[in-house]
Amino acid sequence: ECNPPAASTTLYDALSGPKWFLELDDATHLGPYDGTSPLAGTVASLTTTFFRLSVGTASVTPATFAAGAAGAGGVSLINTINSLIGVNLDTWAPLPDVRGKGSHGGYAGPAVKPIALHMVAQLAADPEVGIPISGIGGVESWRDAVDFLLLGATTVQVGTSVMHYGFRLADDLVDGLSTYLRSKGLTRPSQLVGKAVGSLTDFGRLDQEWRLLARIDQDKCIGCNLCYAACNDGAHQAI
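Just so you know, we're using the working numbering here: the sequence shown kicks off at 15 and counts up by one.
Mixed in with the good hints, there may be bad ones.
With a straight-line Cα cutoff of 16 Å, these simulated EDC-like cross-link-like pairs (lysine to aspartate or glutamate) come out [said to hold, decoys possible]:
1) K209 to D140
2) K115 to D104
3) K127 to E154
Label-pair distances were calculated between CB atoms; the ranges are [said to hold, decoys possible]:
4) S155 to N102: 32 to 40 Å
5) D221 to S155: 24 to 32 Å
6) L103 to D216: 25 to 33 Å
7) N239 to R196: 43 to 51 Å
8) G114 to T201: 56 to 64 Å
9) P110 to L220: 29 to 37 Å
10) P76 to R113: 28 to 36 Å
11) D104 to R196: 39 to 47 Å
If you are wondering where the hints come from, they were derived from the structure by calculation, not from laboratory data.
Every residue gets a Cβ at the ideal spot worked out from N, C-alpha and C, and that includes glycine.
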């Protein structure tokens, strides 16, 4: 899959080399991690090659080592997630029902962003991962792009959102990111890369005495009692 350069190179300033790069699906097909894969020579001969990692990969770190050993310029993640949207309750065929047959599709968009952020951060936190990381999944605004950068992505890709809002989204991303950088006294997106990774820790190490309680805005309350039911039955009377 060949990806053309972005309209604004400011989003790609962390990438070295030519403006074009090749992205290949699923680095798990590379074979051995020691660079002896048949693909190694081909990959090394290309200028900048990224391997896209699937969320179905058992562990993204070994797959990243495989890509690096084969000469990849980086990895991108995540790919879409195989999924089914439901079943036709009349015909009992999976949706979309095409003459009684259905199939899976690729789940993408804002809902996959937390998964993508987790996997990007997992790689960025490993000191042995020495190749760039391109973050994919649920980027709709400049804030989403900044999330990926702060958690270790050196570049960010957008797909589903362009299908929804058109290519003008790129201008919104650039404008928003540029404004944010100026507000922080920064000049390049690369200055954000990985800044949040050091704050990640295991759940057990969090301060268990810290509390955050919900406050009810009585002026906006419509008396539906959903908050009461949720907290009383599901959150141990947190309110």
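Is K127 close enough to E154, meaning Cα to Cα at most 16 Å? It holds: about 10 Å lies between the C-alpha atoms, which stays within 16 Å.
Given pair status - D104, K115, alpha carbons within 16 Å: 13 Å, holds
For the range 25 to 33 Å, tell me whether the beta carbons of L103 and D216 fit it or not. Because 43 Å falls outside the window, the suggested range is violated.
Is it true that G114 and T201 lie within 56 to 64 Å of each other by Cβ? Once the Cβ atoms are compared, 58 Å apart, the range 56 to 64 Å for T201 and G114 holds.
Would the hint linking K209 and D140 be met if the CA-CA limit is 16 Å? 14 Å, holds
Quick check: does the Cβ-Cβ distance between S155 and N102 fall within 32 to 40 Å? 35 Å Cβ-Cβ, so the 32 to 40 Å window holds.
Within 24 to 32 Å: is that where the Cβ-Cβ distance between D221 and S155 falls? 30 Å, holds
Range hint 28 to 36 Å (beta carbons of P76 and R113) holds or violated: 42 Å, violated
Please check whether P110 and L220 have a Cβ separation lying inside 29 to 37 Å. About 43 Å separates the Cβ atoms of P110 and L220, which means 29 to 37 Å is violated.
Between the beta carbons of D104 and R196, is the distance compatible with 39 to 47 Å? 57 Å, violated
Taking the CB of N239 and the CB of R196, does the distance hold inside 43 to 51 Å? Hint holds: Cβ distance 46 Å, inside 43 to 51 Å.
The structure fails hints 6, 9, 10, 11 (numbered hints given earlier, in ascending order).
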